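Visitor: Protein chains in written order, with our numbering: chain A, 1148 to 1945; chain B, 5 to 166.
To be clear, the hints were calculated from the coordinates, so they are not data collected in a lab.
Because the structure is a prediction, the values reported are computed rather than measured.
Hints may be right or wrong, so weigh each one.
[Said to hold, decoys possible] The following residues of chain A were derived to be distant from chain B, with all beta-carbon distances above 10 Å:
{"no.": "1", "residue": "1177"}
{"no.": "2", "residue": "1180"}
{"no.": "3", "residue": "1184"}
{"no.": "4", "residue": "1306"}
{"no.": "5", "residue": "1354"}
{"no.": "6", "residue": "1370"}
{"no.": "7", "residue": "1407"}
{"no.": "8", "residue": "1590"}
{"no.": "9", "residue": "1654"}
{"no.": "10", "residue": "1841"}
{"no.": "11", "residue": "1843"}
[Stated by the list, open to error] Taking lysine-lysine and the DSSO-like style, the derived pairs with C-alpha atoms no more than 30 Å apart in a straight line are:
{"no.": "12", "chain 1": "A", "residue 1": "1818", "chain 2": "B", "residue 2": "123"}
{"no.": "13", "chain 1": "B", "residue 1": "29", "chain 2": "A", "residue 2": "1432"}
{"no.": "14", "chain 1": "A", "residue 1": "1334", "chain 2": "A", "residue 2": "1309"}
{"no.": "15", "chain 1": "A", "residue 1": "1405", "chain 2": "B", "residue 2": "29"}
{"no.": "16", "chain 1": "A", "residue 1": "1220", "chain 2": "B", "residue 2": "29"}
{"no.": "17", "chain 1": "B", "residue 1": "123", "chain 2": "A", "residue 2": "1221"}
{"no.": "18", "chain 1": "A", "residue 1": "1457", "chain 2": "A", "residue 2": "1221"}
{"no.": "19", "chain 1": "A", "residue 1": "1334", "chain 2": "A", "residue 2": "1220"}
The beta-carbon is built from N, C-alpha and C at its ideal position, and this holds for glycine as well.
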Amino acid sequence: MKITDDSPPVLTALDRPNSYIGRSVPRPNLARLTQGRGLYVSDVTLPRMAHVAFVRSPHAHARIGGIAADAAKKSPGVIAVVTGAELAEVMTPWIGVLTHLKGLKSAAQSPIAVEVACWQGEAVAAVVARTRAEAEDACELVEVSYEPLPAVTDPETALAAKTPVIHASLGDNLCFERKLDVGAVDKAFAEADAVVETTFLFGRHTGVTTEPRAVVADWNAGEQRMTVYHGTQAPHMMQNLFAKHLGVAEQQVRVLTKDVGGSFGIKVHTYADEMATVALSKLLKHPVKFVADRIESFVTDIHARDHRVKAKIGVKSDGTITAFEIDDLTGIGPYSVYPRTSGIEANQVVNLVGGPYTCPNYRAQARVVFTNKNVMCQYRAVGHPLAVAVTEGLVEQAAAKIGMDPLEIRRRNLFPDDGYPCASAAGLKFEKLSHHESLAHLDALMNYAGLRAEQSRLRSQGIYRGIGFASFIEVTNPSAAFYGVGGARISSQDGATVKLDAQGNISVATGVTEQGQGAESVIAQCVATAFGVSIDKVRVVTGDTDNTPYGGGTWASRAAGIGGEAAWQAGKALRGNVLAVAGAMLQAKPEALDIRNGIVVDSGSGTERLSLEELARVAYFRPDTLPAGIQAELVATRHYVPRAWPFAFTNGIQASYLEVDTDTGFVKLLKHWCVEDCGTIINPQLVDEQIRGGVVQGIGAALFEECLYDERGQMLNGNMADYLVPMAAEMPDIECGHVVSPTADSELGAKGAGEAGTAGAPACVMNAINDALRPLHAQPLTDMPFTPDKILRALGKV
Amino acid sequence: MSEHALDISLTVNGERVHERVEARKTLVDFLREDLALTGSHVGCEHGVCGACTVRVNGEIVRGCLMLAVQCDGATVETIEGLSDSGEIADLQAAFEQRNALQCGYCTPGMIAAAQDLLKRGGVPSRDEIREHLSGNYCRCTGYHAIVDAVEAVAQARAGAKP
């Protein structure tokens, strides 16, 4: 492969001279990371900093009797041993509910368990010591007497009368329930020529960020101020929550987020042990550091995707889909996670099933129940991988049943490209999608006909290859409809402040954050283009609640579409401010001037008139020479939130080509394709790499990843030797293609791209495996992850 | 730190180091905590993820599976040293240009492992690159871009040689 510099794209309405929109400029912040000179929270050390380690419940459910800490308190280096009751003095508990998820309920959760531990791994005491090693030594000396309680571990029986209720105050183990019945479902199934009914199972899995969760909290009693160095996706949300539960004002809390070693939705939640670390700093008047070790990560980082979906599709012999029906059941652990809740994933499954298709008949039920396992919550592509696997699994099984090509059945049912705006049966509103163009692009990109011929030829030699597809839609650029309307202080708007310094360089402070997606690059590209300077003159500041505009952070594929638009508008506003000053200095009309490549020019002729450095010198140091009444404003702030649409839906289609070894059950991935439409592409390379990384995360779910629990609620594989993740040797090359349908809700027209890969990959790997095994008459596999033993079982070999 | 501490002398990134360390302390904790060389990262602490990959006496090792006291007398090179010597400048440039890193947490270990392959010479196939990097976990990139970057450097180095 050759790495070549990109060339400027075809001109669009967004093009300004020296435009960076649509160009693969390298990210400005990478050299420090390739040199190992980043600043992750795990790298942070402060004077007098202590370390906390937690004593964690070995039981899935147990009443906490006495906690004997005398020996631990005498252990070398120990500063304090703190229980849940003691920590309750400085921090209040929380309840993870949102009012727009009607009926959703949960119990109060404390930073450290008080009275009852509800999952294996929940902290029951904290040991603070000079070093982490000393804190862990002392944890061994803390004696907790537990009275084990029955553990609720099977979602199927969680609501049964005989099953113990985890939180007596709630009355039952039901967290949330949703029902939907649209069109005439029974009639549609009756009129179908074929019906496929099956059950999809999804392995509970987790994010396995390379850097575990990390926080350093520093309460300054003199300033009465808390500084939290936090590996989070949402600094302002965390500022609010730390302040609220410490009982201080938000302005008494500063959250600093520099480099973050992976997030994927794992680091956008409230974690009890992180809250405890913050509370301990206030209690002990010490900076306190907590970095989860990998074993702790497995039992405390949010899990996701543990769903059982009974599903049904009706189809006419001409391929017309007549109805979808699903019954989703998910066990989310003992608490709905604060503040985003654990009801969203199931809610998304209900929203998204059938989403790419015109079929008007849809019935869904989802039940979210409490269990005594680690909590589940939003993880990259929330609900999408489940809904897409259910929908696309049904579609391909239905196609096989009526003997129709899997791309053809999609062509006959996907929303037509010229039929927008429109809405899905579940009520999702689509501004402009491109299912058919994407499908046609994929067909050509992968040489579908050629692959089918190859597949057929190899089958005659006993080699079983499969081709699987997944059309998908993806929620991006969420408005306040996602969380704000439910009462959560999670900002859907974002801001950017752009400043011209005294040397004519630009700094941008943005509310979105960087965990590797390339947000800093995208923000710099937008500002450089809108304002009119080369990108090396732009410095981006993120992750500091003292110094960035209030914003939501980076999650739900929102940083480019929302943060980018705010930055674009701020850049334009600053250009206007600068040209007002330039007009006064040059005795020209501001509208006859422009800024190009860092120089004020006549917009018509391009003649250079004034450097930004000279303009800044006058504005900052010789404002007396400007005409009376001219006050230079060389800082501009703009905010943006989507208003016309609750979400900017994107769409796409993926394909997987793989080979199944029918003797060993091993799957070899040969190639993967994804064609998607995220609207205006600000940086093609970053979009492609989001897709590729997302695809591989989805492949992990399809083939390897599962948090295994026994019936007592003990996690059996909480380490990286037993919990398998995708590694380089097993992964395929991934080819990306794009269709561009900008959203008219913003000037940039960018939608999100962060989750499309993860949304579709599990479904198309599943479909490809089943395509490979179809001539062997194997029962279609629908139980992820598709491990070799499951494949051999499907083949009747074991 | 008590009766279980030992004195060690070693060379780290070309500098002589004399420290008293606890016998139980891993090499990566020693580098990060005692020498403030935080470029070597801790990901799993049980030898699977490769984020702590460093070079000891010319061979790449897992900094979490080796004790600091085992490095008495050894020559240790971390990402900071490899960067400053210029040995991996082309790999770093290729990773940056190809966006072969996102969060960057795995990158120091990934580059150390890639350099271990490339210094053997020749142009490895994409499969050989994937195989050699199969002990280094990256959650962000999906590996494709990393393979591209390593392949491009291998080709460039081969082309640069007579």
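Visitor: Are residue 1818(A) and residue 123(B) close enough, with their CA atoms no more than 30 Å apart?
Guide: holds, 29 Å
Visitor: Using Cβ atoms and 10 Å as the threshold, tell me whether residue 1306(A) really stays out of contact range of chain B.
Guide: holds, 35 Å
Visitor: Is the Cβ of residue 1354(A) more than 10 Å away from each Cβ in chain B?
Guide: violated, 7 Å
Visitor: Minimum C-beta separation from residue 1184(A) to chain B exceeding 10 Å: can you confirm that?
Guide: Residue 1184(A) is in fact no farther than 10 Å from some Cβ atom of chain B, at 6 Å.
Visitor: Grab the minimum beta-carbon distance between residue 1590(A) and chain B and tell me whether it stays above 10 Å.
Guide: Since the minimum Cβ distance to chain B is about 22 Å, residue 1590(A) lies beyond 10 Å and the statement holds.
Visitor: Since residue 1841(A) was said not to touch the interface, does its Cβ keep a gap of more than 10 Å from each Cβ of chain B?
Guide: violated, 8 Å
Visitor: Has the given pair, residue 29(B) with residue 1432(A), been kept, meaning a C-alpha gap of at most 30 Å?
Guide: Holds: residue 29(B) and residue 1432(A) sit about 28 Å apart, inside 30 Å.
Visitor: Is the Cβ of residue 1654(A) more than 10 Å away from each Cβ in chain B?
Guide: Residue 1654(A) is indeed farther than 10 Å from all Cβ atoms of chain B, at 22 Å.
Visitor: Closest CB-CB distance from residue 1370(A) to chain B, is it above 10 Å?
Guide: Given that every Cβ of chain B is farther than 10 Å from that of residue 1370(A), nearest at about 27 Å, it holds.
Visitor: Holds or violated: residue 123(B) with residue 1221(A), Cα cutoff 30 Å?
Guide: Measuring from Cα to Cα gives roughly 52 Å; hence the hint is violated.
Visitor: Was residue 1177(A) rightly flagged as not at the interface, with every chain B Cβ beyond 10 Å?
Guide: violated, 4 Å
Visitor: Just to be careful, I want the Cα atoms of residue 1334(A) and residue 1309(A) compared with a cutoff of 30 Å; is the pair within it?
Guide: Not OK: residue 1334(A) and residue 1309(A) at ~37 Å, beyond 30 Å, violated.
When held up to the earlier numbered hints, the structure conflicts with 1, 2, 3, 5, 7, 10, 11, 14, 17, 18 and 19 and fits the remainder.
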